[in-house]
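Student: Use the sequences and the hints to build the structure in full.
Residue numbers (the numbering used here), protein chains in the order written: chain B, 1 to 751; chain U, 1 to 120.
Mixed in with the good hints there might be a few duds.
[What the hints assert, rightly or not] Quick look at which bits of chain B chain U covers, simulated, 3 or more residues with Cβ under 8 Å:
1. 501 to 507
2. 551 to 565
3. 599 to 605
4. 687 to 698
5. 718 to 730
Please keep in mind that the hints were generated in silico from the structure rather than gathered at the bench. In this text, all values refer to a predicted model and were calculated from it rather than measured experimentally. All C-beta atoms, glycine included, are put in the ideal place defined by N, C-alpha and C.
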Amino acid sequence: MEAAVIQTVTRDAGLWRFIPATIAALVTIWFAGFIGPVSEGHAPEYIYQWAPTIGVQLAFRLDGLSLAFALLICGIGAMVLLYAATYFRSDRRLLSLQLTLVVFAISMLGLTTADDIVTLFIFWEGTTITSWLLVGFDHEKETSRAAALQALLVTGFGGLALLAGLLIMGEVANTYRISEMNALGDVFRDSPLYVAIFILVMLGCFTKSAQWPFHFWLPGAMAAPTPVSAYLHSATMVKAGVYLIARLYPSLSGTELWMWTLVPVGAFTMVLTSVWAMRQTDLKLMLAFTTVMGLSMITMLLGTSNEIAVAAAMTFILIHAFYKAALFLSVGMIEKGSGSRDYPNIAGLARAMPLTATVVMLAALSMAGMIPTFGFLGKEVIYESTGHLHFAPVAVTVAAFAANALMFACACMIAFRPFFFRAQMAPKDRPADPGWGLWLGPVILAVLGIAFGVFPGWLEHHIIAPMVLAVAGVEMPVHLALWHGITRPLILSLATFALGALLYLGLDRIRETLFRIEDDVPRTEAWYDAFLRATSISARRASLYLQDGNMTSYLRRTFFALAAVIWVALFRGTMTWPQFSLSPELIDWTIFAIITASLVVILRARSRLTAITALGGVGAGIATIFVVYGAVDVAMTQLFVEILVVIFLAIAMVHLPRYGHVPFVRLNALIAVILGVGVTTTMLMVLGTDLDLSLTEFFEANSAPVALGRNIVNVILVDFRGFDTMGETAVILFAAVAAYAALKAGRGVSK
Amino acid sequence: MEIMLAVLAGFLVSAGAYLMMSGKTLPYLFGLTMISNAANIIIFCAGRLTFGAPPLIPEGEKYIEGAANALPQALVLTAIVIGFGLLVFALTLAYRSWFVLGTVEMDDMHESEPGTEVIS
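Tutor: The following block contains the structure:
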């Protein structure tokens with residue numbers, strides 16, 4: 001017993017495990033130092049010339065939007081890293097988790113502060129890859145791996161589209177700097193490529209931020225450990241998509257296409273996912289669905305291209321980050337403290353886990369948009385903005401109203417179900433609040449959610465107003481306050497509470513209905529599955545077709561490809577017919593006739609002996625060419641080799657079966673002729689060019705004086721290019737060894 | 001003569017490729033030999049032809065003019081030897097495959113890609 005305790009203690013990671021959290025906190029403080037200058041309208045830049053010849057810079061720029069995200073990423077990052085250090089305290093994978101989280105945080109920081117589209121894209125893909133590692137953190141489980149792969153494929157696909165879109169933007173704008181693009185006014189909107197840019201960029205944003213029809217990967221990604229979900233799926237990665245929408249808002253927004261895409265997609269995803277959130281009993285999964293809802297709300301608001309809606313979206317980004325991170329982390333606390341996060345298994349925990357219950361209550365208040373929380377202010381601004389829309393004000397208001405009411409019901413669910421109204425029930429015997437490392441982060445976030453609700457002034461002036469300025473280019477168009485008087489937003493808020501409360505009362509019945517129809521509803525995930533299946537089936541078919549196991553078809557394709565390459569080169573080149581000094585003499589005609597006749601004999605041969613003799617004829621003819629045209633050494637070698645070839649073939653002939661007639665195959669003949677004609681034509685073209693003889697002249701001039709040899713060919717082989725010749729000799733040696741091995745290896749099946 | 005050699009190279013490549021595609025090991029080897037012969041002729045011919053003037057520097061001289069181009073000869077010389085090595089190795093492989101598989105039909109050889117027999 002005691003030994004076991006000691007072992008757990010030695011496995012404990014020690015104080016170093018707080019280092020990443022500390023660093024993140026320090027970076028947060030460093031970034032906080034920029035709040036003053038940025039809120040006065042400055043935007044610090046850092047530029048490093050990375051690849052100046054192609055206009056790629058490593059450029060960073062800190063305006064209001066970037067700074068707000070940087071603060072969220074580092075601040076929530078510090079809390080999550082602290083939480084992870086406690087959550088995985090005695091897990092040997094803690095180090096790898098923290099490392100991946102830190103790399104992820106750096107990618108996220110780079111992404112949100114980048115001012116160059118190539119820089120941005122590299123960090124964007126960095127978040128894709130690290131999130132793949134993080135979602136698949138429990139890589140022993142197949143479901144985790146599948147979820148991670150799904151997240152990777154969906155966001156990776158979007159990433160490719162985004163890259164194309166960003167590069168087209170770069171070409172249109174003639175700059176890769178985002179701040180310069182955004183200062184160009186209507187250049188993109190007037191460009192004929194606007195539709196292409198919009199579709200490609202939005203594919204990237206929608207996949208990253210899990211908008212319909214790509215929303216399915218986010219609930220799947222809940223296979224990740226709780227700290228990861230809290231970080232990736234509250235404040236950071238999924239926000240990268242809406243960040244980019246906001247970042248490019250000055251360049252791309254305001255068109256019919258923009259509004260007719262973002263508003264319907266956002267509204268539809270928002271209502272859809274908040275309905276399905278009601279269905280979930282796993283608290284973490286429920287939060288995942290409401291996260292998609294939050295992102296859709298932001299997408300929809302940005303889609304309306306209205307200044308007040310932008311202000312509402314920016315406010316909601318902050319609100320959502322605070323309450324969602326707090327709730328995700330709290331769900332981890334519930335799970336650690338009670339042994340489950342599935343609410344039918346847990347109930348009445350308020351007395352046993354008072355601190356957890358308090359944190360969840362506070363965060364849920366903000367999620368529900370209750371007075372006096374930050375969430376209430378956000379909801380007011382959203383309703384305020386929907387009243388000023390030029391684009392579909394009624395539809396947007398109704399969608400926001402429905403989603404907010406559903407959000408209210410979900411907030412009630414997470415606040416009440418695990419804690420109140422029933423007798424205590426939990427898988428663990430003695431459920432209790434977890435230690436300070438787990439509760440500190442959620443408590444800070446939940447308290448901030450209330451504090452900013454009561455005192456919104458500082459946040460409004462120093463964070464939200466610079467964000468709005470960066471996105472919409474205007475001063476803050478609304479004022480955040482708890483009390484504006486009896487206004488339209490307040491009435492809508494009260495109606496939201498009423499409808500939400502009704503929905504919560506009917507929760508069990510709604511859930512049962514959703515549970516019943518779940519299998520009948522068409523799911524976009526099925527498209528993803530079908531796409532994957534089709535890909536693997538077509539890949540299999542293609543490889544079976546290309547790799548059919550027949551040597552002849554491989555050779556056919558090889559020769560055809562070779563012929564194609566030759567002919568393409570011929571048609572692309574400039575043709576000059578060669579000038580010849582020598583006219584054919586009798587001996588040339590003789591050689592030509594011998595070789596051609598030998599070839600015909602080989603092709604038509606019915607016996608091995610005929611074929612081998614004719615092959616000797618070809619070799620002899622070629623040797624004669626070498627003799628006649630001054631290549632004495634080559635001719636000697638050729639003759640020796642021909643003799644050896646004939647001898648070896650004759651030896652093999654004894655052991656191999658009869659040669660057999662080569663049957664005529666029209667396709668093979670066609671390919672062979674195309675290839676041969678190509679070779680001849682190429683050769684003639686080569687002869688038409690001027691020959692550079694400087695190397696030959698060098699050898700002619702230096703053979704005798706430098707290398708003291710009079711046979712220039714020999715001098716080249718053994719002296720000037722001696723090392724090459726040694727390598728070639730080694731090849732012959734290897735061939736001999738390999739041939740010997742092949743001959744001497746054990747006998748196989750007998751014929 | 002250059003035109004003749006160009007045409008001959010085309011003949012050799014055509015015949016060689018055709019034999020290699022025939023699917024029998026021995027014709028395949030013949031085709032291989034022809035294609036290496038064609039390559040040698042192409043290299044040789046690309047260095048231009050000089051009738052009956054080997055690149056040998058006469059005794060007592062330091063320099064030679066008007067001799068055949070020595071560089072392609074050096075290249076062809078090694079190419080012949082390497083081609084010979086390749087042929088001998090391929091020949092032993094053909095012999096070996098006949099021994100182990102009991103066939104000279106190349107399309108019946110599926111040892112390295114098991115599972116493809118069904119489709120073929």
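Student: Work down the list of hints and note, for each, if the structure agrees.
Tutor: These are the hints, each one checked on the structure:
1. 501 to 507: violated (count 0)
2. 551 to 565: This one holds; 5 residues, not fewer than the three required, reach chain U with a Cβ under 8 Å.
3. 599 to 605: holds (count 3)
4. 687 to 698: holds (count 5)
5. 718 to 730: holds (count 4)
Hint compliance for this structure: hint 1 is the single one not met.
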